[in-house]
Structure formats: C-alpha cells, structure tokens
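Q: Residue numbers (my numbering), protein chains in the order written: chain A, 74 to 398; chain B, 74 to 398.
Please note that the accuracy of each hint is not assured.
Note that the list lumps identical chains together, so a pair holds whenever it fits in one copy or between two copies.
[Stated by the list, open to error] DSS-like mimics (lysine-lysine), calculated; alpha carbons at most 25 Å apart, straight line:
id, residue 1, residue 2
1, Lys363, Lys86
2, Lys381, Lys363
3, Lys149, Lys344
4, Lys398, Lys363
5, Lys152, Lys86
6, Lys342, Lys149
7, Lys342, Lys363
8, Lys342, Lys381
9, Lys152, Lys344
Keep in mind the hints are simulated off the structure, nothing from the lab.
Protein chains: 2
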Amino acid sequence: MTEEFEGMEQLRKIQAGDVRTASRLIRNLEDELPGAKNAIRRIFPHTGRAHVVGITGSPGAGKSTLVDALIASFRKQEKTVGVLAVDPTSPFTGGAILGDRIRMQRHAEDPGVFVRSLATRGALGGLSKAVGDAVHVMDVMGKDLVLVETVGTGQQEVEIINHSHTVIVVLVPGMGDEIQAIKAGIMEIADIFVINKADRDGSHQLESEIMSMLNMVSEFQGGWRPPIVRIGNCFEPGPFGESLEELAAVIGDHYRRLVETDLLGDRMKRKTMVEIHEALRDAILAPILKEMTESGEMGEIAGRLLRKETDPYTIAEEVARRRLK
Amino acid sequence: MTEEFEGMEQLRKIQAGDVRTASRLIRNLEDELPGAKNAIRRIFPHTGRAHVVGITGSPGAGKSTLVDALIASFRKQEKTVGVLAVDPTSPFTGGAILGDRIRMQRHAEDPGVFVRSLATRGALGGLSKAVGDAVHVMDVMGKDLVLVETVGTGQQEVEIINHSHTVIVVLVPGMGDEIQAIKAGIMEIADIFVINKADRDGSHQLESEIMSMLNMVSEFQGGWRPPIVRIGNCFEPGPFGESLEELAAVIGDHYRRLVETDLLGDRMKRKTMVEIHEALRDAILAPILKEMTESGEMGEIAGRLLRKETDPYTIAEEVARRRLK
C-alpha cells in the first residue's frame, strides 16, 4: 500500500514536471533498479503526447552543438524540450562520459528545458531500453519535444533511434569513404538530412550524393521525401541562423505529415516492437545469465570450452532444453 | 551418415586452406543457415592456433588502408593472413556494404591472404556471433594472423573486438571532442594505439592526450603499457614505411607477452564468455521471438501496448512465466 502510494506520488510529481523526481527515476532506470521498472509501469498509460526526435550521425558531425541551437529555436516557439544525450559506453566502466553536455548548460536555468545524459553498463541492449524508458519519463513530464541524441551509427544506435517518431541524420563534408558506408546504413531510417558545417569544402558534393541516393528510392512512405537542410555555424547570425529556423520548421512539418497520413501509427508500432524485444531480453535472458554466473556454472562452462571439450552451440542448446518449457 | 561425411570433408578442405569451401561457410554463417552451426561444432576443437588482432577506431581513421599495409608487412615475414572486414549494417537491408574492401584487392592473387567482409541482418548480436565463427574458420584454415577490422566504436564493436587477443585502436588528429569520449570508451580495451595520418596538425597533442590517460592507470595487466605507434602515409617509402614495420613488430611483441605472462588464457576466457553469451541469445531468445511473431501474438501485443492496455514489462514477465521452467 505504501509503495503504491509512493508510486502514485512519484507519478503526480513527474506529471507536474518536477525535475528532481524525474532525474532520480532516470538515474534509477540507468542503474536498472527494480523499483524503476514499476515506475515505468505506472507511467506508461500516460505516455504518447511528446514528439520524439532522434538525432544521429558520425562522431565529430557537431550533433551536440546542433541540438543546443535547436533547443533555443524551439524555446522561441514556446515549446518545452527534453533532451536525452546518449553517450558511448565502455562495458568495463559504464557511466556517462560526457556528463550533461557542457554546451547545453546555457539552458540550465530555463524550466522549459530538461537535459539528461544516459549511459549504462548493461550489455544485451540495456542502453536502448533505458533510453526508451527515459523518453517516457520526459513525455509524462509534459515536454512537447524530446530530442534523443546518439553518438555513433552502429546497430545499437539504430535501436535507440527507433524510439523516435522523426529521425534526423547529421552529416559533415569531407569525412572519407567509410562515412559513405555508414550513410548507406542509416539512409533508410532518415526522415531529415542535415549537412552540418556546410561552409566547408565538399558540402555540395555531399548534398548531391544524398540526392542521388534519394533518387533511387521509388516511393517514399507517406509521400515524404527526406529534405536536406544545410547548416553552417549555428552561433553566427545571418543565413546560418535562418537555416536553423528552417530545420525546426521541417521537424514540425514531418510530425504533421506523420499525423495526416496516419504514419504516426506505424512509427509508434516500430517503437513498440523495439520495446517488446528489449523487455523480453531483460525478462528472459538476463536472469538465466545471472543464475549461471552466480552458481559458478558459467566459469565451469568456460573451462570446458577452453579445453575444447565442447562448443558454444552445444552448450547453449543444453541450457535452452533445461530452461525453456 | 552422409551429412556427417560431408561435414568431415568440409573440415578437411578448410584445414587444407580451400578458399571456396571457407568462403561458402562464412557466407552461410552470415545468413545464419542451420548447417553452418553444425560446421562450427566440427571446427571448434581445431581452433586456437591463430593470433587474432582486432582493429577499431572512428570512421575516417584510415583503418582499411592500415590493414592493407599490415598485410604486406606480415607477408614479408612469410606469415599467412586472414582479414575479416566487419561492415556497418542496416537492420533493414543487411548485407556487406563495402564488399570485400577494394583497397585490399592487390592481395587477391596471393594464396597466403584471405579477405572477407561480413555483415548480417540479424538483430540481437548476430553480427558479433558471425564474426567469432568466421574467425574460427580462418584459424582452422591455418592463417597465422587473423585481422578483424570494425567500423565504429559502439557497444557492438566492443563485443566484436572482444573476439581478439590483441586490440589496436586507431586514432587520427583533429576529429573534434566527441572523439575524446569514444577514446575514453575504448581506452580500456586497447593494447596498442596507432596515431594514423600523424603528419597532420594536432598529432603531438593527440599523443600527449593518450599518454596522460595512460599515466592515470596504476597497473597494467602483464606489465604491458600500451605503446603508441605513429603512422604517416602508408604507401610512401621512408620513415612512414618504417613505422609500419614497427607496428607489425609491436603486434608480435604483444602476443609474446600474452604467452609469457599467461595473459593469453585471460584473453581466451574473455573470447569464450562473449561466445557463450551470443550462443545463449541465439538458442533461447531468438526462438521465442520467432514463435511469437509467427503465431501473430507479437502483433496482438503491439496493439495492446499502443492502446496503453498494458506495458512492455508486464508483457515480458508474462512471456517469461509461460516459457521459462
């Protein structure tokens, strides 16, 4: 009864936008405390109001600076903003490396802005799950927009970005040909392309490369052909400042298109599928690994594998036979 | 009986270094064909001879060029080399985007070199598992060195790189401050640092940054302080060519140190733990997801979640109760 009461109190405070309660819950989600899971259960029915915007792209593409400028732009429109900065994680140390990104601190005094960094030591997709849950918290806080910024473009980043309704891919000119490959990999999830540092050499070439990739697509979902927004130096007045307003407007356009064409339902389904996968991984695989480690079975298996007495597939099938109904 | 005979024939051919048989098996692993799993069971007891070297670092760091130059260097020492280029994967298209890296084609005619690209459409760590298995194939082919090159530095890349005995982290000067974060994230797994494009501005600053990070470490495993190797333009003669020979020598030194200090056992245990985790994910979680999708349950659950009738944690616990003994 008391726990239930505390839970309702927590929900009420988060709905009222209380920063301390929300921060504590996000930290508990990151640390995978069991109470945090119950809090999400209570929060979940109240989610679904915020427009979630994922921002991804290569390291060095200037995403944090862009997010900072976007916050200012949305604030001018009197929209409230939550920002989730997802940091690369070392599986050895865990912990958010960049902290609550320094550049965004100029918004620290603004009650309409709530910035949190997220990282987790958990393997098995723990980070993506924590991101999905932290988005729910910011949603229930009443933020109009939740910006999710990830570093990198691997499979895990795609999982993270799949918690969004609108995906922005940030590119910069002159990053070499590996970037091409990454671009191709995230091409299909992009709703908006940003060419950042567009005053650099090669920005027009990059733009035509994206265009030719887009030209190969025969039909765009909901008739939305991902626009390409060129951005220079966010902090200078003049044309660059205007391009930022353009980006903010395009983000709004995309959301309206999602609603009008009923694509929003599709995006929410994608988000939901990611959440189911992650929750299953957590509820099924994690306890088995934990039990095997604590009982010493894992160490014993490692020994047998090192002595080549068995192989990983045979071991896994034995465990599955023993543990699955 | 016939399958068993074919299996033994396949093993014999791979042990003899047959490129076609090995290539086909690696492709089947990538496609997650069930027969490929049985092949790995047969191969596994014969593994453990090759020195597996993981090469990671940011996109644009010039890793492919470096690997190409390293191949040439090891070939001069009359060592045989397998190369596994791990490509970023789109979860929507799958498939190796860069193909068998173009730059390495000058080694295509050399029977002592075997280069394969790897990518997979599978979620749930499928790529890392395929990498581990492909390394086994190259090991059994008799390659003295297996170089595993990954793009990116996310959690999945760390999993991939954990299949290695020696980890090389490649950095380039002047990549902005997000690189700093990534550097910190992969700092702990680095055995050797390479500063590539060291003729660029900022290379000395980068070097002292790495040095100060290393200075904070109180004790190095096996007394191995990760050396920093500076490399300029691999294809030019003179000092840059020499620095490459230095890198090849340092890689050999690290392996000797692993053997002498018995750290090799630790590394092999780390490799083994990664393999057990991946095999369990494959044997336990994958079939549950497949069954739920095929029976239509997954779609029905998605509907309930979208209508906010339940939450992902409650769903996952129901499934766990039903499926776990």
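Q: Using 25 Å as the alpha carbon limit, work out where lysine 152 and lysine 86 are close: within a copy, between copies, both or neither.
A: Classified as within; 20 Å inside a copy, 65 Å across copies.
Q: When no copy is specified for lysine 149 and lysine 344, does a C-alpha distance of 25 Å or less occur within a copy, between copies, both, or neither?
A: neither (29 Å within a copy, 52 Å between copies)
Q: First find the shortest C-alpha distance between lysine 381 and lysine 363 inside one copy, then the shortest across copies, and answer within, between, both or neither for a cut-off of 25 Å.
A: Close inside one copy (24 Å), not across copies (31 Å); limit 25 Å.
Q: Between copies, within a copy, both or neither: which fits lysine 342 and lysine 381 at Cα up to 25 Å?
A: Between copies, since 12 Å is at most 25 Å while 44 Å is not.
Q: From the Cα coordinates, with 25 Å as the cut-off, is the pair lysine 342 and lysine 363 best called within, between, both, or neither?
A: between (31 Å within a copy, 18 Å between copies)
Q: With identical chains, the pair lysine 152 and lysine 344 could be close in the same copy or across copies; at 25 Å between alpha carbons, which is it: within, between, both, or neither?
A: Within. Shortest intra-copy distance 23 Å satisfies the 25 Å Cα cut-off; inter-copy 49 Å does not.
Q: Between copies, within a copy, both or neither: which fits lysine 342 and lysine 149 at Cα up to 25 Å?
A: Neither: 32 Å inside a chain and 55 Å across chains, both beyond 25 Å.
Q: Checking an output row: lysine 363 and lysine 86, CA cutoff 25 Å. Within, between, both or neither?
A: neither (34 Å within a copy, 40 Å between copies)
Q: Can you tell me if lysine 398 and lysine 363 fall within 25 Å by alpha carbon in one copy, between copies, both or neither?
A: both (19 Å within a copy, 15 Å between copies)
Going through the hint list in order, the structure does not satisfy hints 1, 3 and 6.
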